Structures are given as C-alpha cells and as structure tokens.
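Residue numbers (numbering that gives the first Met the number 0): 0 to 382.
There's no promise every hint is true.
Stated by the list, open to error - Within a straight-line C-alpha distance of at most 16 angstroms, the following computed EDC-like cross-link-like pairs (lysine to aspartate or glutamate) qualify:
no., residue 1, residue 2
1, Lys169, Asp308
2, Lys169, Asp202
3, Lys169, Asp352
4, Lys169, Glu214
5, Lys169, Glu251
6, Lys169, Asp217
Note that these hints are calculated values from the structure, not bench results.
As the structure is a prediction and not an experimental result, all values here were calculated from the model.
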Amino acid sequence: MSHRGVVAPADALPVARLRAAGAIPIGHSNLPTLVLAGMHTRSELYGDTVNPWDPARTPGGTSGGDGAAVATGMAALGLGNDSGGSVRIPAQFCGVAALKPTTGRFPADRRVLGPDDPGPASQMLVTDGPLARSVADLRRAYEVLAGPDPRDPAAVPVPFYGEPLAGPVKVAVVADPGGHGVHPTVRAAVENAAAALRDAGYDVREVADVPRLDEALDAYERLTVTEFAPAWPVVRGLLGPGGDRYIAMAMERTPPANADELVRLMGAWLNIRRSWAEFLDVSPLLLGPVFTEPPVEPGLESRDRAGRDRVGNAMRLCSVTSFVGVPAVAVPTGVDGGLPSGVQIVGRAFREDLCLAAAQAVEDRLGILTPIDPRPGAARTRT
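From just these sequences and the hints, can you work out the full model?
Here you go:
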C-alpha cells in the first residue's frame, strides 16, 4: 500500500493558523516513512534527505526535510511535530532554531488515520512545533500557533507571556544528563551557551543532574510500546523493506504492559512530571544538549541494536522533556569541525517566553548560522 499522491482534504490546524496570518505554504518536505522508520529522514517514496552541511551526515528527523529546507533558504519557516526531539534534533543538525511547546500550548487534531482519537501517549507526547533561522521568526510563529481551539479540547488558554521573574533568572546547566556521556564538541556548545547567558545577566549554575532521567525513559518506552502494539502488525507491512527495523527493535525489547502495569505507569508519569515541576520551580530554565553527539551518519538508529541504543542515548534529554511535557527551544551555538552545534533551553510549563528570551540572548552573542549554500565548495560563513 502506498500513500503516494494522497492529499489531505483540509489544512492541519497549525497550517491553517499560519495561512490565516499571511504565511504562504509552499509544500511538504520529506520525512521518514510514516514518521516511524527512524530518526534519519529517509522515505520509501522520496529517498534520503541529506544534511546540507555534510551529505555524509543525517539532517535528523523526523522533521529533517524542514530542517534542511529552512537551513538552505528554501523556506523561511518549517513545521514538524516533536515527541522526543523531532524538531529539536533537525534544528541542531542543520544549524537552525526550533520550539517544542508545552503539551497543550498548540492545538492539534490528531485524528490522522480516521475518526478516532489516539491513546494517551500520542495525545500527551506529540506536540507540533516550528523551525526557523532566527529566534525572532520562531517567536512570530509561536504567537500565531498558540491558543485554544474547539477541535482540540486539550489545548489550554494560557497567556502567551507570563509575569516577569524577580531578579536574575536562574539557569541550571547539565551538559551530560544522566552521566551517560557527552561528546566534547557538544559539551563545548553547552559551555559557550552558558557563557552567553551569563554575559546577558542570567544566574547560570551547573547542577548535579536532571530529575529521574532513566526512570522517565523506561516509562516513556513502555507506555509508547503498549499503545502502539495492537497496530504494529498492520503498520509493519506499510513501512517497506527495512523500514520496520527501528520500531521492531523496540517492540522486541519492551513487552507491552498489562492493565495493572499500565495503571502504575500512568501514576509514575504524573509523579515524574511533579519532580520536574519542583526542579524547575528552583531554576526556571535548564540548559543542556539536544543530542549528545555531533550529527551522525544516516540510518545509524536502524542499523543494529548498538546503533539504536547509541541514538536513543544521545537524544535522552529530548525524550525526557517530551515525556514531562515542558517547553524547549533549540538554538545554534556555532560551527565545529564543519558541522553546526547547538543546545536546548528547557523551561517551566507554559513559559515558552522564558525559553525564547534566553535563546535570543544566546543568538545575540553567538550568531545565526544559516542560510547556507549546500553545494560542494560553497562558502560556509556565519551571518
């Protein structure tokens, strides 16, 4: 079965809001087959999207097509959705900015495969988010996309901008979440962003770690596998040759929860969210990596178990922040070894404004990297 040529009968909510604000949609970009074939943007219909900085590296995913399009100037703004890094990872790998909003900040209609709504994991983990070359453009998109809509009763009518915080805003810095390792260039990116925030007047302090990382990652995987398991036999056949490897490895390792276990998992989910709320009550912002390695080779996560574990480990801060539903902005920090580097700034629930302001302070001091010309031999300079 192929979805080639299938056109949606109406705009998705984010597209409709942007169009109403004057944006001009110019097309769909590439993404992994059914958004399930892996982190790398390779689809059965259109093949590979390459990283515009180095074709031997992945642009990330699942929104790698939009990341590459924004980075090369094909589009001023991109749209994706993020349930564990799918807008933030392409942002880091392609040298652009991205926003993953708080769960409930942007409305969405998730009935993509029929009249029924999905289960709690798909409702709570997946958030739409924009990609842009500048934080200012990201802010413009945020103001258009935020706000309730009757088609999404979970969207919350919270003010776009919260009350100013007293004194210098505290920023907790964790370069190596969970202590599982971080590449030197990524650690340097976090240190450079921390220095930029200090220069901007933020109260920046290293802390021991983020709350309950490994417990959250285990619960995240168990919940998603449990929800997805009934559909897997049908979906597997739609993914094409080899396209099932990424999900299959998760299904083989993690058994679905039974009813009693699922109830306990839902309680643990709330409990972990509470731990994060308490952590961010002390420090309203968290600075850390998006992906704890530079851009990796295409398809690493689907190659074998070692590759999948390596990618899952590297994206761990994205996964846990999606799990607890807090906002995060990915922002570039420079170029290292010919590849873009970047960080993410995580905030309290519904304080996207704090994340955007801090990302703007980083951008003001470290610069904007794109657009770039991806052709061999083209100059790669900061703007």
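Tested hints:
1. Lys169 <-> Asp308: The hint is violated at about 33 angstroms.
2. Lys169 <-> Asp202: 5 angstroms, holds
3. Lys169 <-> Asp352: Answer holds: Lys169 to Asp352 is near 15 angstroms, not above 16 angstroms.
4. Lys169 <-> Glu214: Roughly 26 angstroms between the alpha carbons, so the hint for Lys169 and Glu214 is violated.
5. Lys169 <-> Glu251: 42 angstroms, violated
6. Lys169 <-> Asp217: Since the Cα atoms of Lys169 and Asp217 sit roughly 29 angstroms apart, the hinted pair is violated (cutoff 16 angstroms).
Hint compliance for this structure: hints 1, 4, 5 and 6 are broken, all remaining hints hold.
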